[in-house]
Amino acid sequence: MLQYRMNSVIGILTGAVWQGTGFAFIWVVMHTFPSLAGWGLAEIAFLYGLRLTAHGVAMIPLMALHNIEFLVREGEFDRYLLRPLNPLVQVLGNRLGLAQVGDLLVGVALLVVAGQSTGIEWGPWPLIVCVVAIVSGALIEGAFFLALCSLSLRLLDTYALRSFVDEAFSTFGSYPLKIFGSVVEWLLTYVLPVAFVAYVPASVVLGKLDGTWALAGPVLGVILMALGYQVWRGQLKHYQSVGS
Amino acid sequence: MIRVEGLSKVFRRPRTFSGPFGTVRTLFTRQYEEKLAVDDVSFEIDEGEIVGYLGPNGAGKSTTIKMLTGILTPTGGSIEVNGLVPWRERTANARNVGVVFGQRSQLWWDLPLIESLRLVGALYDVRHFDKALSKVREILGLDGFLDTPVRQLSLGQRMRGDLAAAVLYEPPLLYLDEPTVGLDVLAKEAVREFIVETNRSGRTTVMLTTHDLADVEALCKRIILIDHGKVLFDGAIDALVNQPRRLVVELESGTRTYDIHDDLPGMVATIAAEHTIRDLSIVEPDLESVIKGIYAR
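Keeping their order, the protein sequence lines are chains A and B.
Counting with our numbering, you get residues 1 to 244 for the letters of the first sequence.
Counting with our numbering, you get residues 1 to 297 for the letters of the second sequence.
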């Protein structure tokens, strides 16, 4: 993939610019309203960075799953099943998500800058919470992405469903959920657990929520990823291949 | 080597409607169309056999092969290949079998053939790659195009490359799905020779699907014939083609055919005594007409 250097650079830059404009929007809003649901600009920036970093960590390896419909439709997936290697590994090995490297860079930059202006007392504990939150956030988002992509093994086209969930994660996950009202907050906590990607851990680090809540993310992340992989395996059994 | 019992595969898809609002109805329907692609198929293949698996288009041949290789999960029945259940132990099974789909290359499109073969070597843990390669490159005559990217190979070269990839790790079992499709006479000959050679030297079991009956006559002692997902015949070709030769005589009153039993000159003499013979020919029983007869039933 890195054989095409120019393409790689442009891909990473596009990702970074795209996310940069996303954050610029918040910046503009925060100029008008200094605080949203009790969160200041630096705090929201921190939350945004946390979610973006988790997103990057999840999608850099998983991005190749976006191609799964194509692989199934072209009969390419049959080849993977004939080889003595887990087909999921073979799909993921096709390519890395380069634009998501851009996401990761912007996310980490936001975390570093915002982390210094929020007044968090940085020590081992908040750092650990952050790292764990990034990994478990990546597991949560990755689990949904994996499960939805595996549906393509049977249904072929699941693009609409996938972009809906992706939008939910990126649109709602990047802000304090309180601003959307209690119904949405409840839905995004217990139905589609977007809250545990960044909102909950950021609240813990910023001292808005009790420290025990930091445990919820990793537990949920591991369970969901295990379930996501089971969905993949289940759908694999229903794989119908193509004619000829 | 292969044991298949009561194997069946049902493909299910939502029923499609036509007419006004047909698309909308299709979207919301709970009704499914079921297609029985393979229906209660049973057979056994022993080590070292070359078996032709034949049938018209859409008979269920490829579906069977895909279940045997673990690509598809059977709807019913059981499969055991070399003691493994393919769809459940797919990766273990993959190490035991080589597969060539004539219609679709297993090689990496953008890589030179040699790199594709190296990758196969790495995937299947081939320990002495150079030795394994030198074995196949000679029989298949790969030397002229080892460094050519696969996408630039001619069909005959590509097929030889595919065969090389399938046998590089010396699997005890080969599935060949139309390995001679679209090849010229010489290339076909080369592929057949290679199959015979692999089967003889390595005791490799071969299951072959093809529409070219010359392949079958050159390679297989036994065939399994299927149509509409069911086995129609399973046995030696000799038994299938074991019919008398026939005498076709053109008379003034029209053409007649007689089965030849023993005394051919006597038969001709008898006919000549009664009619005026314009022309005559002898028809050997052949696989093609026998199989045509079976398909047409």
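It is possible that part of the hints are untrue.
[Said to hold, decoys possible] Here are the computed lysine-lysine pairs in the DSS-like style, where the Cα-Cα straight-line distance is at most 30 Å: (1) B:Lys230 to B:Lys188; (2) A:Lys237 to B:Lys35; (3) B:Lys188 to A:Lys237; (4) B:Lys135 to B:Lys35.
I should point out that these hints are in silico values taken from the structure, not numbers from a laboratory.
Here's how the hints hold up against the structure:
Taken as a hint, the Lys230 of chain B and Lys188 of chain B pair is honoured in the structure, with Cα atoms around 29 Å apart against an allowance of 30 Å. In summary, the hint linking Lys237 of chain A to Lys35 of chain B is supported, as the alpha carbons are separated by about 18 Å, within the 30 Å threshold. The straight-line distance between the Cα atoms of Lys188 of chain B and Lys237 of chain A is roughly 36 Å, outside the 30 Å bound, and the hint therefore fails. Only pairs whose Cα atoms come within 30 Å are accepted, and Lys135 of chain B paired with Lys35 of chain B is rejected, the gap being roughly 44 Å.
Of the hints listed earlier, those the structure fails to meet are numbers 3 and 4, in rising order.
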